[in-house]
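Q: If you want the building blocks of each chain, they are given just below.
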Amino acid sequence: MQHYYPDDKKDRGPDGMKGGHIDLRLCALVLVAGKVVTLHLHDKTKYRLRFGQNSEAAHWKNELYHVVKGLHVYRPTHAASPRPSPAGSVSNTPTSGKRPDSAQKNQNSFSPMQGALLPLGTRCHCEIIQSLHGLSIAAMYLFASKLMTSAPKDVSDSESAYSDSEPSEPSEPEPTDPAGLLLLRVWCGCSLFALFCSLLAVAPVPTLDLWFFKIFVLSGVLHATVLTLVTLLAVTTGAGLLIAAFSSPKSPPRTKGVGTRRRLGLAALVAYVACAALLALPALVAVPLAVQLPADLTSFLAAAGLAQPDTLAEMPPPLDLATYMVDPPCALANVWEYYQHTKEIVYKPVPSSVGTQGQPPIEDWSGFGGLTNESRSTAGLRLAIFGVDDGLKKGAEQSLKPVLISLPGGGWYRGSLYDGLQVKNLQLTDKTRCMLLAIFFVGYHVSLGAT
Amino acid sequence: MNLLACRSCFFPCLPQCYLPAALEEGWAVVAAEYRSGSAGWHGRDMVEDALDLLTWVLKEGPRKGLNPRKVVVMGGSAGAHIGLLASLVANNAAKDKVVKGVVARYGAIGNLTAAYAEHASRVPRGLGELLSTLQPGGSSTRVRGWDEKAALEHIAGGGKSLEAELEYLSPTTHVGPWAPPTVVLHSTQDEFYSSRHVADFTSAMHQAKRPLLTIEPRLHSHGCDIGSTAPFQLTKYALVGLLRAVNAGNE
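Chains as they are written, first to last, in my numbering: chain A, 191 to 641; chain B, 988 to 1238.
The following block holds chain B by itself, in its conformation from the complex:
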């Protein structure tokens, strides 16, 4: 059933999200949940869930009408990080392009070890940051209630080997010859993950000679591809192009 065939409805069909864009291209869309940090899980648990999700699509997908040979992964924020990481791990493990493409939107896709070191040694800048350090639980990197340093510690599992976990959770660690073609959306003013994530990932993909398309709009914040914003429209354009190209492929 075509989900967009709501001709009988009163309202015009003017969807502003990625779902109808993919459906219009004849793609099925699988949205999945994973264990979340609010329940105490860590990054490796989330990646494990994403890998299990990929495994499910590959094995059970045909019974549900899904083509396991044409899989593209998309995610936003933590979903971008987890989805990209799982895609890299899956392709490396299979030594194949299991995932044909990735669209990573404003996620922590860089070298998390370096990002953590940067935040750990960061000196408060400005009165606002200085005051924030004086508050209980305050941090010099707290922005809009977000503390990347604390988040990195959290997903790394706290008491475990922080360095080893951060290295595993860094997508740049897993970039290799099987890295899928990746579209990255990341605002230059992203207040959660700095643009160094894009620079790190770009460098890794460049060294591995893997295709990468970066969209770095200005004057936008984290989660910027909402509504009809420019990041949304640009990312949708790239997504549709990627979907069409993958769908037209022979594999």
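Extracted from the complex, chain A is given alone in its bound form:
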């Protein structure tokens, strides 16, 4: 993939390639206005590329956008191969990025973008799952919508198919069960909301200024939405199935077809219970571990010489199945607090030839975890401190707090500042839960047919 493009600010030679080059990995935003395409870099530098026509500018805006977007997303082959540089490139990058020649020589290049885009790159694989999840929900929503609009017709058709009355007699539209319709509408609303959040989560974010919004969606809304909706859909489905199984049909009187549908409803209810059991199965098999864990932990601490008489006295049980099933979400306000009161400090300058050598470390940034000023990521490797009072900045004497160092995962191929704490629980929308959603939908479909 081409990483460097001619810098329009530099004078070009006859071959057109002697100008400076813009490291597109540093690009945060691509905008077009008339014949001018503007590239916004993380260090607030702007580059304007002028074209002859508006359509040409729009075309290149799209091209650049896709290139930039591609560079933002984690790619396994990205780092493995040397980054190509256009022939004849002689000038350096005017930004804080590394020189093209050094990039070509040294594959061990730390991209400043790496720091700025860590959340996106880290969770790329999860976002793929998210997109699948979104698509599955979209499909279910379409099914449900079609079902809702065609339910009365289907019911009357099925009635006429099952009944032994004369086929020439026109059948009147059967009144829809209001409770079932309400449940279906709730179900559709929940699905639509989940779809909306999922699409938001996977939507491209051309500018990193929107990263807080994205994290807001990912860590808060999506988590809460998906998990709550899974529960809500399960309850709704269960209620629908119960209605289907135990409600007595008003008209016509009991027929063979109704009995079949009743059995179908009961079967769906059994399937629903099986799904719930399947959902709980991973936790149920962990119960023996949970029973044994307190004793194991006591022995472990004793062996480490750390055991204290009251250390474990007030600890809650290791495993709470109710919490597992409901899976309460992280409160949005908590996520806000986490990022609002985070202190970010550069603990190590950027190694080797990468970044802005000699730039003094930027200390004690407050904000949303590096999301508001991406240029700081070029200063070096960062750490974030949680749980220390602001008073320390003024030199006030306070007791020192013990410190838990958390290192994120994915570092072999990726890396992120906050993932180690599982603040962003994105994997909750894994395929298992998607499958369960689908099963719930099928169950509801069957129950609706039964009603």
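Hints were generated in silico from the structure; no laboratory data involved. There's no promise every hint is true.
[To be verified] Only part of the chain B face toward chain A is listed, based on derived beta-carbon distances under 10 Å: (1) Leu1006; (2) Ala1073; (3) Lys1082; (4) Tyr1103; (5) Ala1104; (6) Val1170; (7) Pro1204; (8) Cys1211; (9) Thr1216; (10) Ala1217; (11) Asn1234.
[As the list claims (entries may be wrong)] Non-contacting residues of chain A with respect to chain B, defined by C-beta distances greater than 12 Å in every case (computed): (12) Phe490; (13) Glu504; (14) Tyr537.
Beta carbons: idealized from backbone N, C-alpha and C, even for Gly.
Got chain A; can you put chain B on it based on the hints?
A: Frame of chain A, contents of chain B only:
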């Protein structure tokens, strides 16, 4: 400021991550980034960053309100590997318990040389694995886009001495009398790192007579301690117990 004191907020405080658990115990939490493999860095670079991070906490921590005498390291996946390795190296170098405890969640904590040899000689099992070997870049060990053999080669630095690098990067190599008490979470169905990593590390810790607590849940995958899953709850329980014990210590 207590980060959990958001009483004015509308939403109830029901956090499902390790951060509030540590904060509630009165601990400060330091989350740190390190050079990543996506930029071409290798395992030794990452360990070096983790060691520099530890050094920063020990030297600069007091100025930031951090107690350098009570340090616990936690990590997940690659973070577990790097954090555990850095803790072992730091304790061995200082001949002291600089790191009081480690919580390693589903990381490559075993003998990487043996793991690499196992993958290198592995014969494809089943049609799916066989077909995967026919694809470009396919491997018999590729699972969900993850190839442990390729990953091990990557973190070992490719052209460098593979065996020497893998030996250095194996936590089992550094287990000794100064190894910190370690809690290990590793699912028996972990599709990235097999349970042999836990067996290797358990054996090494046993030989060194160092305390180890393993949590090996079933029916869970890599990165299983998400949300309110059983692995999360169990690990949180062990983490809180460890934090309380370290905090109550006299050192």
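Q: Look at each hint and say if it fits the structure.
A: Hint by hint, here is what the structure shows:
no. : hint    : result
1   : Leu1006 : 4 Å, holds
2   : Ala1073 : 8 Å, holds
3   : Lys1082 : 17 Å, violated
4   : Tyr1103 : 14 Å, violated
5   : Ala1104 : 19 Å, violated
6   : Val1170 : 7 Å, holds
7   : Pro1204 : 5 Å, holds
8   : Cys1211 : 8 Å, holds
9   : Thr1216 : 7 Å, holds
10  : Ala1217 : 4 Å, holds
11  : Asn1234 : 5 Å, holds
12  : Phe490  : 4 Å, violated
13  : Glu504  : 9 Å, violated
14  : Tyr537  : 4 Å, violated
Comparing the model with each earlier hint shows violations of hints 3, 4, 5, 12, 13, 14; every other hint is respected.
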